[in-house]
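Based on the sequences and whatever the hints tell you, model everything.
Same order as they appear, the protein sequences are chains W and F. Position 68 of the first sequence, counted from 1, bears residue number 68 in full-length UniProt numbering, the numbering being contiguous throughout. Position 183 of the second sequence, counted from 1, bears residue number 183 in full-length UniProt numbering, the numbering being contiguous throughout.
Keep in mind the hints are simulated off the structure, nothing from the lab. Careful: at least some of the hints might be erroneous.
For identical chains, the list gives no copy identity; a pair is met inside one copy or between any two copies.
To be verified - Here are the computed lysine to any residue pairs in the SDA-like style, where the Cα-Cα straight-line distance is at most 20 Å:
#1 273 with 245
#2 273 with 3
#3 273 with 232
#4 273 with 398
#5 285 with 79
#6 273 with 120
#7 273 with 93
#8 273 with 185
#9 273 with 87
#10 273 with 147
#11 285 with 412
#12 285 with 58
#13 285 with 395
#14 285 with 139
#15 273 with 158
#16 285 with 14
#17 285 with 354
#18 285 with 9
2 protein chains.
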Amino acid sequence: MSTWSEAGPRTVEQHAAAVAALLGPTGTETVPLADASGRVLAEDLSAGVALPPFDNSAMDGYAVRAAELAGASESAPVELPVAADLPAGRTDVPALEPGTVARIMTGAPVPEGADAIVPVERTDAGTERVRITAAPEPGAFVRRAGEDTTAGAVLLTAGTVLGAPQIGLAAAVGRPVLPVRRRPHVLVLSTGSELVAPGEPLQPGQIYESNGTMLAVAVREAGATAELLSFVPDDVERFRAVLADRASGTGPDRPDLVLTSGGVSAGAYEVVKDAMTGHGVEFGKVAMQPGGPQGCGRLDLGGTSVAVATLPGNPVSSLVSFEAFVRPALRAAMGHPAPARPVVSARLAGELSSPAGKRQFRRGVLDATTGTVAEVGTAGSHLIAALARADCLIDLPAATTSVADGEPVAVWLLDT
Amino acid sequence: MSTWSEAGPRTVEQHAAAVAALLGPTGTETVPLADASGRVLAEDLSAGVALPPFDNSAMDGYAVRAAELAGASESAPVELPVAADLPAGRTDVPALEPGTVARIMTGAPVPEGADAIVPVERTDAGTERVRITAAPEPGAFVRRAGEDTTAGAVLLTAGTVLGAPQIGLAAAVGRPVLPVRRRPHVLVLSTGSELVAPGEPLQPGQIYESNGTMLAVAVREAGATAELLSFVPDDVERFRAVLADRASGTGPDRPDLVLTSGGVSAGAYEVVKDAMTGHGVEFGKVAMQPGGPQGCGRLDLGGTSVAVATLPGNPVSSLVSFEAFVRPALRAAMGHPAPARPVVSARLAGELSSPAGKRQFRRGVLDATTGTVAEVGTAGSHLIAALARADCLIDLPAATTSVADGEPVAVWLLDT
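Printed below as a string of structure tokens:
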């Protein structure tokens with residue numbers, strides 16, 4: 001098996017597959033309904049009860065025997081005694097004696113013997129006796145038990161992303177908790193002696209730490225959990241010791257993935273590269289811009305190991321790499337049915353050129369009304385201000401060297 | 001001013017405006033960057049520093065005076081002494097003496113006197129002296145201070161929804177916290193004597209509480225905060241006392257909106273209706289299906305008051321009403337630039353009929369590839385199992401009575 005550097009640059013797809021392969025499918029955990037939003041259902045959800053659980057009234061009105069009202073009309077009302085009052089929630093519903101009706105509220109159980117509901121609007125709303133001015137069809141305004149679902153039926157299949165309607169359904173069939181796929185936990189490392197925490201004064205030559213903060217947010221937006229470990233030691237042994245300590249843990253903060261940005265330049269002292277090279281993490285190039293220099297692997301920490309993805313340090317490179325490699329891997333690991341960003345076709349407003357042999361991701365703003373996309377900023381990988389105004393990435397294939405105004409381009413939607 | 005019931009049914013737009021008018025714009029609070037995801041920026045964000053803050057190298061290589069290398073080539077390399085080693089983060093960068101170069105890493109400050117970077121690949125990578133085999137253009141591989149943004153420039157405008165790139169940008173310009181619009185707080189009430197908590201045994205005539213759970217999740221998915229108050233007292237005075245206690249609070253759990261579902265049937269004893277009628281909350285009809293019976297207003301609680309929206313009790317009616325009235329109102333209140341769900345046009349797969357005079361929202365599944373939408377389930381407002389399989393609402397105008405196969409319909413996207 002040739003090494004990455006021997007084999008030459010990877011395609012975006014090849015490196016995405018390599019990163020995804022580092023993460024196995026996450027296991028199952030049980031969460032209360034209120035915490036299930038956005039989670040992926042781990043097992044099929046079947047109905048513990050039928051819905052509705054019993055025949056019930058679709059209207060406020062009267063439960064009747066339809067045959068007894070066959071001739072009722074405005075001009076020939078039928079008057080019958082009201083034998084019972086049935087609010088919703090009444091659990092001791094008496095059977096309907098022939099020749100009587102029962103006052104009934106929406107959702108209340110239809111009494112045995114009744115076969116139709118007459119809406120209150122078709123009556124004089126009497127409480128002792130009631131005058132009914134319309135002849136109901138048998139079955140009118142009765143919601144049958146099991147009409148929505150029968151008991152035991154599969155309501156949602158494993159892999160469904162849970163939102164308000166799905167959680168409401170689980171509640172409706174009596175489930176207080178749901179089995180969902182565990183979120184991967186990502187340890188985001190911020191390394192670099194030039195970095196200063198936001199809010200602190202900046203010396204000449206220093207910049208504010210932003211990649212770690214940005215990537216931790218991006219991890220959470222992908223549905224995983226993140227912990228940002230800022231300003232880890234620049235000493236290789238101490239750096240490895242910090243990772244070994246985390247990777248050998250057994251709690252929920254044991255990382256499924258360690259994510260770094262920067263620190264992998266050629267030639268210089270770089271803690272990330274020095275601590276990982278030769279220990280299971282490979283570094284190489286991906287034929288893309290921005291984001292060429294990448295690394296990934298399972299870092300051997302002596303007795304334990306942890307999956308690692310190293311992203312380049314320029315903020316735009318870092319975020320584009322996250323979008324291309326890490327986000328889909330995290331979502332696939334937790335069983336998300338759509339790990340990738342939605343991709344749409346749009347017509348380019350303006351012109352773009354792109355180097356041959358490298359897939360380019362340019363920052364864009366999509367106008368959904370006209371179906372056009374315009375570049376924001378330029379190709380420079382340090383232009384985070386432009387990145388922050390973008391809502392999509394314009395995906396230019398490796399073979400593309402120019403795109404003319406109005407030509408179609410593929411666009412990754414970032415804000416959905 | 002005529003009352004709602006005198007004026008006749010409201011349109012969806014009229015009732016949406018009435019609910020939105022109950023909620024004033026929320027104020028501003030300051031949150032750490034890590035908590036800013038999904039929040040709406042409350043003030044323009046300006047750059048505290050330029051980006052980049054200083055001229056820096058775009059490559060690992062050597063900082064040079066371009067004029068001194070005018071003739072350098074593979075066949076005629078130029079050798080110069082390496083006067084300094086400049087890693088990223090070095091704050092005491094000496095000026096470059098004529099006739100020397102400085103070894104420099106990506107991101108490190110370009111020394112005074114240097115005007116270009118020669119990438120390490122165009123050299124022998126020497127550390128004492130270096131042989132350079134290419135003549136750089138002045139300015140090559142130098143990222144100029146302020147190229148991305150100048151200090152003081154407005155980077156993001158108030159109203160921007162914050163995600164990873166925007167939060168990364170705030171960090172990059174040194175901001176540890178951001179001013180964001182406060183989330184509205186919603187108190188979701190679950191009322192009804194027929195309701196049983198999921199997980200408990202069900203008696204005949206009882207159903208599981210699901211609307212409150214579903215609506216609380218929907219509120220949080222809209223970006224607001226929710227507290228579910230289950231099984232509130234059925235006694236009108238105690239019910240009002242519970243609300244007065246909450247509404248007169250000053251903490252973050254003081255509700256901006258009280259949301260109820262069900263409990264407003266005509267004719268029967270209904271705590272919500274009885275506690276609110278004549279105290280500032282109006283009940284009436286909206287010309288829509290599902291979700292006709294609605295109510296809203298500012299509930300006078302004697303010395304205090306609170307905004308209330310009452311939704312119908314059938315689960316589908318409840319969720320559709322939330323989508324049509326409450327979600328856009330909550331998002332508008334927190335300054336979201338796009339309060340409404342995205343609406344697209346799709347061709348109907350199959351046929352639909354709809355009653356004249358009522359706007360219908362049917363549950364659908366959109367096939368984005370073919371641009372078609374198919375109904376899930378039927379129009380029945382109790383069919384929550386079908387609702388849970390839908391990813392959109394098919395919006396049929398009041399005047400529409402039938403839609404033929406292949407005709408365009410408006411579709412509200414629920415899962416974005």
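Structure-based check of each hint:
1. 273 with 245: within (19 Å within a copy, 59 Å between copies)
2. 273 with 3: Answer is within: at 16 Å inside a copy they meet the 20 Å cutoff, but 73 Å across does not.
3. 273 with 232: within (14 Å within a copy, 60 Å between copies)
4. 273 with 398: neither (28 Å within a copy, 64 Å between copies)
5. 285 with 79: Neither, since 87 Å and 30 Å both go past 20 Å.
6. 273 with 120: between (77 Å within a copy, 18 Å between copies)
7. 273 with 93: The answer is neither: 74 Å in one copy and 25 Å across copies each exceed 20 Å.
8. 273 with 185: So residue 273 and residue 185 fail the 20 Å test inside a copy (22 Å) and across (47 Å) alike.
9. 273 with 87: between (71 Å within a copy, 15 Å between copies)
10. 273 with 147: For residue 273 and residue 147, the Cα distance exceeds 20 Å both inside one copy (62 Å) and across copies (29 Å).
11. 285 with 412: neither (22 Å within a copy, 43 Å between copies)
12. 285 with 58: For residue 285 and residue 58, only the inter-copy Cα distance (17 Å) is at most 20 Å; the intra-copy one is 65 Å.
13. 285 with 395: within (18 Å within a copy, 49 Å between copies)
14. 285 with 139: Classified as neither; 70 Å inside a copy, 26 Å across copies.
15. 273 with 158: neither (40 Å within a copy, 40 Å between copies)
16. 285 with 14: Within. Shortest intra-copy distance 11 Å satisfies the 20 Å Cα cut-off; inter-copy 58 Å does not.
17. 285 with 354: Cα proximity of residue 285 and residue 354: one copy only (18 Å, versus 58 Å across).
18. 285 with 9: Within one copy only: 5 Å inside a chain, 65 Å across chains, cut-off 20 Å.
Of the numbered hints given earlier, the model fails hints 4, 5, 7, 8, 10, 11, 14, 15; all others are met.
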